[in-house]
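Those protein sequence lines, which keep their order, are chains A and B. Residues 351 to 750 in my numbering are what the first sequence spells out, letter by letter. Residues 13 to 784 in my numbering are what the second sequence spells out, letter by letter.
Calculated from the structure, these hints are not laboratory results. It is possible that part of the hints are untrue.
[To be verified] Just the calculated beta-carbon pair ranges, DEER-fashion: (1) B:L37 to A:L412: 35 to 41 Å; (2) A:V433 to B:L254: 38 to 44 Å; (3) A:V658 to B:L37: 18 to 24 Å; (4) B:C135 to A:C577: 52 to 58 Å; (5) B:W48 to A:R409: 28 to 34 Å; (6) A:A572 to B:Q105: 53 to 59 Å; (7) A:A572 to B:K56: 41 to 47 Å; (8) B:L254 to A:N473: 45 to 51 Å; (9) B:K107 to A:R409: 51 to 57 Å; (10) B:K107 to A:L412: 15 to 21 Å; (11) A:L383 to B:L37: 20 to 26 Å.
[Stated by the list, open to error] Listing some non-contacts, in silico: residues in chain A with all C-beta distances to chain B over 12 Å: (12) I458; (13) Q480; (14) L481; (15) P540.
[Stated by the list, open to error] Okay, derived cross-link-like pairs now, SDA-like style, lysine to any residue, Cα gap no bigger than 20 Å in a straight line: (16) B:K107 to A:T413; (17) B:K56 to A:H630; (18) B:K56 to A:G622; (19) B:K301 to B:F409; (20) B:K61 to A:Y609; (21) B:K446 to B:G520; (22) B:K56 to A:F624; (23) B:K61 to A:G622; (24) B:K107 to A:G415; (25) B:K248 to A:G415; (26) B:K61 to A:H630; (27) B:K61 to A:F624; (28) B:K107 to A:Y609; (29) B:K446 to B:K503; (30) B:K107 to A:R409; (31) B:K61 to A:F629; (32) B:K683 to B:Q615; (33) B:K107 to A:H414.
Glycine is no exception: its CB is placed at the ideal position from the N, C-alpha and C atoms.
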Amino acid sequence: MTSYGSYRQLRLAPQRGGVSKALLAKDSPLWRLDWILLLAALALSAGSSLLVWSATRGRDSLTHGDPQYFLYRHLTNFVVGLVLCSVVIAIGSRRFRTIVPFLYVGVIVLLLATLSPLGSTINGQHSWIQLGGGFSIQPAEFAKLAIVLAMAVVLADQVDAGEREFPSHRAVFRGLVWACLPMAIVMLMPDAGSVMVMAAIVLGILLGSGAANRWVLGLLLAGTAGCVAIWKLGVLSQYQIDRFAAFANPQLDPSGVGYNTAQARIAIGSGGLFGKGLFHGTQTTGQFVPEQQTDFVFTVAGEELGFVGALGIILLVGVILWRACRIARQATDLYGTIVAAGVVAWLSFQAFENIGMCLGIMPVAGIPLPFVSYGGSSMFANWVAIGLLQAVRSQRPIAA
Amino acid sequence: MSNIPETGRTRRVTIRLVVLQILVLSLLATLGGRLWYLQIRNAKEYTAKATGNHIREVVEPAVRGEILDASGRVLAGNETRLVVSVSRTSLLQQKDGGKAVLARLAEVLGMPAKDVQEKVRLCDAKTAQPCWNGSPYQPIPVTKEATTQQAMQIMERREDFPGVTAQPTAVRRYTGVEGANMAQVLGYLSPVTDEEVSKTAGKSGLDRYLPADQIGRAGLESVYDRDLRGTAGITKLEVDNLGRVIGTAGTVAPQTGDNLVTSIDARVQKVVEDNLAQAMADARKTFDKVTNRNYEADSGAAVVMDVHTGRIVAMASAPTYDPNLWVGGISGKDYQALTSKDSNFPLLNRAIQGQSAPGSTFKVISTTAAVQAGYPLDGTYPCPKSVVIGGREFKNFESESFGSITLEKALEVSCDTVFYGLANDQWVKDGGIKPKKEPADWFFKTAHEFGLGAKTGIDLPSEVAGRVPDRQWKQSFYDNNKDAWCAQGQKGGNSYSDQIARENCVDGYQMRAGDAVNFAIGQGDTLVTPVQMARIYSALANGGTFYRPTIAKAVISPGGELVREIAPQADAKFPGDEKLLSYINQATEGVVKSGTAAWKFAQAGWPQDKIALHAKTGTAEVEGKQTTSWLTTYSKDYAVVMTISQGGTGSGGSGDAVRRIYQALYGVDDKGGIDNSKALLPAPQAELPKFNPDGTAIIKPVSYGAGAAPSAQAQASALTPVVAAAPALLDAAQPGPAAAFLDEAPPADRPVSYTAANAALEPTRGPGRGRA
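Given only the sequences and the hints, what does the whole structure look like? Please build it.
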């Protein structure tokens, strides 16, 4: 309960100059922040701006002739993400929990709007809403947040109230229903990649919530069955099937389907130990790797910064996930644990799938690398997740 | 909140969170491992792939070195043509993909716009010719014969023609200087094939064939290809994924190939070619009593060799062709005409690839063999009109009889029966039809010692070895043909060839008396090439050294410096002693004075007392054909050998032609008067030509008397205007990508550049090679 009090203290500090004083006070929430987590995320986001810049400065068809076009926009996204993160921290975990239903409804509305004529299609996916001025949002990114929060609220409700030791079957079932609704909508877009991430999130949450083993195993079985069904029933579009085929056999069609993966591997492999130097990658300058500022941004690091730089990114992701796991273990309530476990599953799955696809050990799927890939929605959602983690952590006493 | 831990976690949750954490860590470790595998372990492979991805090479062909005659006259040079080419790279950068530019270009060149567009499109499975099947980064030639005016229009309005260049480009030209053709000796070039390019892709320097390369496929062009070719310039372009050029990664300028100085004298070559052709034309007007029709004279060859070095002064082969047919790619029709059955194969160099029995010209070898075998030089031998050996009658030519004569006399009058007798005697001594274990085989052995049955090693490709039909050959020939002979024999036919087949089927491997005696007079299965005979008679002239025949004398750098000299090489020595040699020399001089060739030399006004010639005539019989004419001759400096297939007797078919060649060499008129000023080459040219600092040869008329060689002077003056304009051409056309020479001159200087351009269109020898 002490953390709640400090939050109120911050909010209610009315005096002039009192804000800075309050921030530096001994029990200020700033001291409770996980600075390692924050610095790792800051380093990833800041460093990624160079990678995005390098990948796009020669792509005249995308940048409209301004080499810094993507750099500025990426930095803008970063700053907005930071603001969102601060707001979430300021709101605090408990209070945030109370607004989850509103957020959830909002996200569902956005998802439905995407399917409506308001949405637009890129790469065969009806996943974007154009806002004008070159800005667009991808509600599926926010849906991941919504699933984490909604499931946390539903599964932790009885446990945090002290009524049960573990979530009831009924609660787990309700949680899954809340998760399936946005997943179903996203599947209709169709954005199989995001659905995979959401499935990973659900799995992580079931693990972290202490739900009965049968639910975890059941979900794994259902997921496998679902994949087989999707394959057999032809729900996937041809390009998605092609991606998987190319993964299975990269030499299948080097100029067509396998091109992305082959070029990505050449870019990374040719980087060597120290890379070719920022802006000096021949694969990057020559634009041999498609979608290099978004899905394949990791190849820029691999080529221009080499093994050292690319491993640095993996390590930073590792630091974020390590801190997130620590926060999950040390959370004062199950809600906090579930939120942190959900974020761990979310970010780790995305990082593994994205980097793995660049390295040729995972099939190609349109999943961004957290904090690094260019894209506002993804950046915002990732920073909100950091905010949620910080809020969960701030809720417990420093001494613990 | 009593039974719930304050942290909100149960033990189960904690365990599960640890599992989650381990899972996450192992995923990240997987990524790290894979990253190491790609970037550290396989870095080399991917680096190579990345380089191949983004580097495209544009090749600028090197100017090929020239082939010069002994005085520095250009036999094979380069001429400048104005090539208008289009760069696809810059066309694609234009908004309409270059359509407007191509249309304007078509207008200037006076070609239909469609033609131009088709020429610059890339070939693929769906696109039929005309299309460009080279590298898309290589400038694509639209025309190789632009006029100066067209080039001016293009280069003056550069803004209207982005990506279009008009550039003087060196194209091989066989000059025919002094009227010499030399097609088979010079050879020809053709572009490398795709297969050759991909086969040598991993190599570097001269070992690597580049797509624009022309390489020598025959003659000197082929043997000295590595010297002549030069190194192509390579510009490495960096391209992006769409192939758009985004930068340059280094340029290597082309290096002009070295020049080759040969021992050929273009003027002598011309005389030899003309006289060979004349001799063949004359033979076709001569009636052959044996076949009751005129001689066909289907082919022939002539060689003039410097006896002191083995260097070739002239080499002619007939029929011949225009070597410039190959320039710029030979047309299918022309190729057919040069290689079809009806063509009589003008591509063959009959001086090294034509082989026939040597006839009596072989008798110098037989004489040597007989002396080696122990028959005394001063003995006398019977020369009846015929002898019977092995049940067959062997006759003298026209059944002449000379009584008992010396070997010298036998050689001089070409008495076959003397040699029949000697060869038969030897054959019997070697065991006859049941040969001794190690027969002496003096006649075969000596033939080998004279270099027959083996290549001379001349610096021309595809030389043939000829044949010495010795016991070994008989055996292998029998092994290869036994089945066919026996099959033919079994059919029971009664023609002459059926009888022979039956005989051969049984004992074709045997060296019979007939074979042995036929060999002694150079008939039967013996085959020799003209160059082999020239080498043998050169050795007789020079005191007994067999030199390896050569055509190239030296390789000279483009700057005129000696790169390497090709020194004469002595390969063998005359097997007999000095006495025998002088004896043979006496006999061969007798042939000219009073023997079989006298009617064409001493009795035709040749000043034998002033310029001594030696000769041996030969008339080889060929089954089913008319006789082959051989005339092998030498003076103290030159050996001249001529042979004409189905051309009649040695002296009758080739006598006049060979005498006229000597007349030209020594400046002898038809009445026997000697005018040194008219002598083309009274002694072989030992010195290499001198070179100007720009690499052009200083052609000094070979002057042994006042006002010698007027033709050389005429040539020099005819080329003067070119020389005046050459510097402009030189500056502009030297390496420098797309540095069209017209660029250098601003519009105000139009008259000047116009002159330069005009000069460029003259058949000069190409960039940097305007020549006095």
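> Among all the numbered hints in the text so far, which are the ones the structure does not match?
Replying inline: 4, 8, 9, 25, 28 and 29
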